[in-house]
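J.: Residues per chain are reported as follows:
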Amino acid sequence: MDTHQRRNSSTARRKLYQRLGFGLLGLTTALTVLPILLIVVLIFAGGVPSISLEFLTGFPSNGMRSGGILPAILGTVYLTFFTTLFAVPLGIAAAIYLSEYAADSALTRLIRIAIINLAGIPSIVYGLFGLGIFVLFFNLGTSILAASLTLAIMTLPVVISTAEEALRSVPQSFRVVSISLGATKWQTVRRIVLPQSLPGILTGVILGLERAAGETAPILFTGAAFYLPTLPSSPLDATMALPYHLYVISTQVPGMPTRVQYGTALVLLILVLGLNLIATIIRSRARARRQW
Amino acid sequence: MDKFVIEDLTVQYSDGAESLRQISMAIPANSITVLFGPAGGGKSTLLRTLNRLNDLADVVRISGKVRLFAADGSSVEVLDRRTDVIALRRRVAMVFARPIVLPLSIYQNLSYALEMAGERRKPVLDQAVERSLRKAALWEEVKDRLQDPAAALSGGQQQRLCLARSLALEPEVILLDEPTSGLDPISTNKVEESLQELKQNYTIILVPHSIQQAARTADQAAFFLQGDLIEYRPGKEIFLNPQDRRTKDYIEGRFG
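Protein sequence lines correspond, in order, to chains A and B. Residues in the first sequence are numbered from -12 upward in steps of one, following the numbering used here. Residues in the second sequence are numbered from 2 upward in steps of one, following the numbering used here.
Note that these hints are calculated values from the structure, not bench results. Please note that a few of the clues may not be correct.
DEER-style ranges, computed between Cβ atoms [to be verified]:
no., chain 1, residue 1, chain 2, residue 2, range
1, B, Ser64, A, Arg177, 32 to 38 angstroms
2, A, Trp173, B, Val125, 20 to 26 angstroms
3, A, Trp173, B, Gln23, 33 to 39 angstroms
4, B, Ser64, A, Leu72, 20 to 26 angstroms
5, B, Val125, A, Val64, 46 to 52 angstroms
6, A, Phe124, B, Ser64, 30 to 36 angstroms
7, B, Glu131, A, Arg270, 33 to 39 angstroms
8, B, Asn202, A, Ala90, 37 to 43 angstroms
Below, a list of computed lysine-lysine pairs in the DSSO-like style, where the Cα atoms sit at most 30 angstroms apart [stated by the list, open to error]:
no., chain 1, residue 1, chain 2, residue 2
9, B, Lys191, B, Lys237
10, A, Lys172, B, Lys66
11, B, Lys144, B, Lys200
12, B, Lys136, B, Lys123
13, B, Lys144, B, Lys191
14, B, Lys237, A, Lys172
15, B, Lys123, A, Lys172
16, B, Lys237, B, Lys136
17, B, Lys200, B, Lys237
The beta carbon of each residue, even a glycine, is placed where N, CA and C say it ideally should be.
In isolation and in its complexed conformation, chain A is listed as follows (with noise of 0.2 angstroms):
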């Protein structure tokens, strides 16, 4: 074989080489993009044909089994509202001391592995915790109350930890010159650092009440209910949740229509991939106008 030849064979592999890798890349992007679709297609053909105005705003009946979900999507609003505001002012306040006034110490070093492991604790913990400090031991009793807190708990690691990396990725240069037109510390984060950081931490904050809203372990012993025939008209009572009427009537409910499972199901789906539009929003909004 002369150069000449053997050069053109090497390209000629490098070529099959490169078709392969990209092959294969294609191949695991389908794979991750494919369930994604198929649940969300689904879901879509099997629901779209139960939603209707008396589902979204009736009561159920018949044991559940037809009627509306009005209940469970109001309980999901109340708690995922609840939830904010526990979980947002606390998350956020966190992350400006993490961010900006906590020295590189041992202590902060240590807040810190606690909120990633925070972050990986399994939901049904979560449930049971709430179920012992907010439900027993502050006597709250299964209520929505109890049930925000719990979620909010939930959901604290990941706003902290996303507000304290929008927080940072602020220039440090910014903060050098307004503390150098002697703004003090304070006014630097309320009129610079945090203006410029609130896309990004709006977008951690709603990424966390996403997954609040679509939980049902932390709220199964903590402030869901089975069936109620009225509306909550306190956050002390107990309340219907969207993933928790859906885990019941898929479960628990014999001669189930299928279609109202469906429906459910892509009821709370809208809601979460609703929130997860307006943060795609916000960011991208954000990116479009950011001057550095």
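Here the structure of chain A is known, so what remains is to put chain B in place on it, guided by the hints.
T.: Just chain B now, with coordinates in the frame of chain A:
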């Protein structure tokens, strides 16, 4: 009259980088004092010590005395822990090498320092914005678009904006750390002209980006080499007739 009197100032960073050893010098008011020398000599460290921006850096050791004098002859000890650093930074303003505009409008960049100092009256802010823009020779170029994002300005305009911003609080001293390093010759010229104007009313301490700029602007100049102050004399003398061998070599371009 002296603005700063520095005695035996030693600064050491935790990573051993750019430090100062036993610096003593007096910086006169209403003139341009130039700090020059090769990189790593301690010029920026000295600037950052004068308004305590070094507080944000990892300083392991700082000793000596730095006194800042007011027009009435009273003085504060800059390095003293009890010194009000916020008040100090309002008297000793800083312009950085890269033009770092805050992610706000042109107007807000200029009113920022005043607002942080508690000024809320709109007419006062308006006046300060216009006055400082005029001093930095930027008013005519931006007066019709004060609400635009400051980041939309050109590099040269941004640096003059930073100069204007440092003037908004009516400081006594302006520290400039290679303020023209990223600018074209025309913008550089404009900044240097502004400095000549400003020295009537302010004390200016400049780290120049070239020896030529040092020679053009200096009323007095200090040559720093690896943390030591080698020579400090009136500008004309030091550039035409350097006393120290190392100063001479540096000015003639033998190293650095």
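J.: Evaluate each hint against the coordinates.
T.: We went through each hint and held it up to the structure:
{"no.": "1", "hint": "B:Ser64 with A:Arg177: 32 to 38 angstroms", "verdict": "holds (35 angstroms)"}
{"no.": "2", "hint": "A:Trp173 with B:Val125: 20 to 26 angstroms", "verdict": "holds (23 angstroms)"}
{"no.": "3", "hint": "A:Trp173 with B:Gln23: 33 to 39 angstroms", "verdict": "holds (37 angstroms)"}
{"no.": "4", "hint": "B:Ser64 with A:Leu72: 20 to 26 angstroms", "verdict": "violated (51 angstroms)"}
{"no.": "5", "hint": "B:Val125 with A:Val64: 46 to 52 angstroms", "verdict": "holds (48 angstroms)"}
{"no.": "6", "hint": "A:Phe124 with B:Ser64: 30 to 36 angstroms", "verdict": "violated (55 angstroms)"}
{"no.": "7", "hint": "B:Glu131 with A:Arg270: 33 to 39 angstroms", "verdict": "holds (38 angstroms)"}
{"no.": "8", "hint": "B:Asn202 with A:Ala90: 37 to 43 angstroms", "verdict": "holds (40 angstroms)"}
{"no.": "9", "hint": "B:Lys191 with B:Lys237", "verdict": "holds (22 angstroms)"}
{"no.": "10", "hint": "A:Lys172 with B:Lys66", "verdict": "holds (26 angstroms)"}
{"no.": "11", "hint": "B:Lys144 with B:Lys200", "verdict": "holds (24 angstroms)"}
{"no.": "12", "hint": "B:Lys136 with B:Lys123", "verdict": "holds (20 angstroms)"}
{"no.": "13", "hint": "B:Lys144 with B:Lys191", "verdict": "holds (18 angstroms)"}
{"no.": "14", "hint": "B:Lys237 with A:Lys172", "verdict": "violated (42 angstroms)"}
{"no.": "15", "hint": "B:Lys123 with A:Lys172", "verdict": "holds (24 angstroms)"}
{"no.": "16", "hint": "B:Lys237 with B:Lys136", "verdict": "holds (27 angstroms)"}
{"no.": "17", "hint": "B:Lys200 with B:Lys237", "verdict": "holds (17 angstroms)"}
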